[in-house]
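Chains as they are written, first to last, in my numbering: chain A, 1 to 222; chain B, 1 to 222; chain C, 1 to 222; chain D, 1 to 222.
Quick caveat, the hints were computed from the structure, so don't treat them as lab data.
Bear in mind the structure is a predicted one, so any value in this text is a computation, not a measurement.
Some hints here could point you the wrong way.
Identical copies look the same in the list; a pair holds intra-copy or inter-copy alike.
Taking lysine-lysine and the BS3-like style, the derived pairs with C-alpha atoms no more than 25 Å apart in a straight line are [stated by the list, open to error]:
id	residue 1	residue 2
1	LYS23	LYS68
2	LYS68	LYS207
3	LYS189	LYS154
Number of protein chains: 4
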Amino acid sequence: MSSPVIIINLKAYREGFGQNAHKIAMYAEQVAHESGVTIGVAPMYMDIHPLSHHYEIPVYAQHVDGIKPGAYTGHVPAIAVREAGASGTLVNHSERRLTLAEISASMEAAKAAHLETVVCTNNVATSAAAASFSPDYIAIEPPELIGTGISVSKADPGIIEKSVAAVEAVNPDVKVLTGAGIHSGECVKTAVDLGTAGVLLASGVVKADDPLAVLRDLVSLL
Amino acid sequence: MSSPVIIINLKAYREGFGQNAHKIAMYAEQVAHESGVTIGVAPMYMDIHPLSHHYEIPVYAQHVDGIKPGAYTGHVPAIAVREAGASGTLVNHSERRLTLAEISASMEAAKAAHLETVVCTNNVATSAAAASFSPDYIAIEPPELIGTGISVSKADPGIIEKSVAAVEAVNPDVKVLTGAGIHSGECVKTAVDLGTAGVLLASGVVKADDPLAVLRDLVSLL
Amino acid sequence: MSSPVIIINLKAYREGFGQNAHKIAMYAEQVAHESGVTIGVAPMYMDIHPLSHHYEIPVYAQHVDGIKPGAYTGHVPAIAVREAGASGTLVNHSERRLTLAEISASMEAAKAAHLETVVCTNNVATSAAAASFSPDYIAIEPPELIGTGISVSKADPGIIEKSVAAVEAVNPDVKVLTGAGIHSGECVKTAVDLGTAGVLLASGVVKADDPLAVLRDLVSLL
Amino acid sequence: MSSPVIIINLKAYREGFGQNAHKIAMYAEQVAHESGVTIGVAPMYMDIHPLSHHYEIPVYAQHVDGIKPGAYTGHVPAIAVREAGASGTLVNHSERRLTLAEISASMEAAKAAHLETVVCTNNVATSAAAASFSPDYIAIEPPELIGTGISVSKADPGIIEKSVAAVEAVNPDVKVLTGAGIHSGECVKTAVDLGTAGVLLASGVVKADDPLAVLRDLVSLL
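Given only the sequences and the hints, what does the whole structure look like? Please build it.
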């Protein structure tokens, strides 16, 4: 069994871009080295290049458009985030929803650019649907729990177990991540015990008073 | 094996709303009676009520929002189209794409309102994904063929066969419709021979010089 | 000076579509006749045809797409709502926002179809911008007050006065309506005293225990 | 009278991001130094930081979201592009349209971040509307001419003259740029003769065989 993965979405938090992004990435790299756990970050576009080049951790785009390079303004092709240094991308985050056709196109573009893919979903049916695109990961985040500090693994473990089963039925190679409300080592342990490959979280680390301490806590029970 | 179904999307064609919608619906009813084939129409919202009450054919909304009745302006809850007389709805048409989460919500709302559901998709992967929501029908319409008069069943039969197989693997109760470019009885026959339950078409009937003749041709080889 | 106008947005409220829409429209017609005040309703698309034909009050679409009739699924051209019986339309309601280019196209389509236009805005700058399109009305609805029962004319009269002045500077023929939180005759009177031509409201009437009594109260101080 | 400005939108062109973006920016800097004309570039987000730090030319974001820093994934607050080094931003480009309320919010955020603003519009009415937000520039790009190599200043000089007049009537401090189809020094000269402050172009430079030669031609008649 492979080691769990932790992905930290820096969102557009004041504490998560520019110099603050460097701080989080540095801590993530440090705790990854201490613990052997894979810890990645998903910064804003402008921070993809500097973080990718300064730290030895996976860097994910928060979104890619399912387009080929061309006449698109304010859009981001997968190949461009790859060349900027990203090794993966979130797709269809609840704060950046895509149509079904766009998910299909984004997945195709991301795979062609050799980006690892993390498709975000909100319930069992959408998780099963997302598995049809064979992403590397599906991150389940019930919208009502995002940013609450109430871990989905505690509030509704059933949705995780059912999603793991539904995803496995469609494509057993797709790994599942637990999202929404993750904030402690206990949350991460529960997520892994429920059969998921790790967690996707944001405010729990980014807006913490002591992000380094939180990161150490997250890996403490693995 | 059940009889094939033909669904005519009236879109926002000048030839497809108001009095023109009545004409198409009247012809559809006539040919349905002559042939025993089920022929439905998907008119603009304003024509749902009159068509549902004047003709004995299935009437589909072109879209429903995945919302409960409430403070939404310019939106259409499934229960409202049901009460207006519709018996089903298109979901995620290529000219009205929805996010994955919206498809999930629309499907839930449509089922709760006892509406038949026809989810439109554009390729094999999106068809498999759509099957996760257990709609009554999945209509495959490769966007590049829509409105061309080039039938998908002729231009790319492989996409139909692969989609039928992919949908069946996810949920064998979901029927598939062939869309895009359908315009003749031969197209319909090929669609059925490829394992689909019928066709979804629009301009082939709505913009025809003689819609009644086209409708009779469509059912001629069944 | 022309008489004030009251427009009731029925939204997608359970109390505002189907038979319930008839009830509100009937009351609106009754109070319009009693008082001489113009009272219009903006029902869901499916109710445009029946309400337009049963009642002698202005009926507004909640939204029109800035398209010509054609290959658009789930869209609503201005000419189609006109033919269904509407005499006007809301444009850019806060629950159905449009891009600047879409507002331009919707306005053009609505005028070509001889629909009265009510463009909704959220602050002074967007009200001035909307005036460039020369609509019949601009309805100012600060989003934070919508559905609160706190009248904008009480909470922030300054935004109304400044918007009236800004709109007049761009085009003095454009009338302004006060929206958000309107629920009583006092609100309507204040709205008129602030220089606006009337009010746009929704829940205050639609979700009232006694809509007829509220309607009578709304016109009581005019 | 101030010197004309030339802004090159690098879009998502293969020839416009990563190392290719550096090449265009280097040429722009060179020709700006040779000619004294201000030449700016609008690269993809990931290239904002490197281009801002390597070249002494204005760098514009292609889009900013009208949000404050916070829980937004795949979004870009104005303050973040400012901190990454941009000195301005495009707003409402035809390939990234915004609602009227979003334009208002983006303008407010951009001004708060001390970014120069270039609002893109498509006709006279939208240009007048955009002037209500008091941007630094309004760039008129009739969509039907974008990417054609047919200069708007040649195809439809009337739209430019009317837009200049309409913008001036609303706010004489707002400068106008001519967009769409610009590709030569003659186009730029005509644009200036029509009363605009410069040009916004893309493929004419970015996809040229010899961008340096095109840039020199663009400034040749000023």
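Results for each hint:
no.: 1; hint: LYS23 with LYS68; result: between (33 Å within a copy, 21 Å between copies)
no.: 2; hint: LYS68 with LYS207; result: between (35 Å within a copy, 15 Å between copies)
no.: 3; hint: LYS189 with LYS154; result: within (11 Å within a copy, 53 Å between copies)
Violated hints for the displayed structure: none, as all numbered hints are satisfied.
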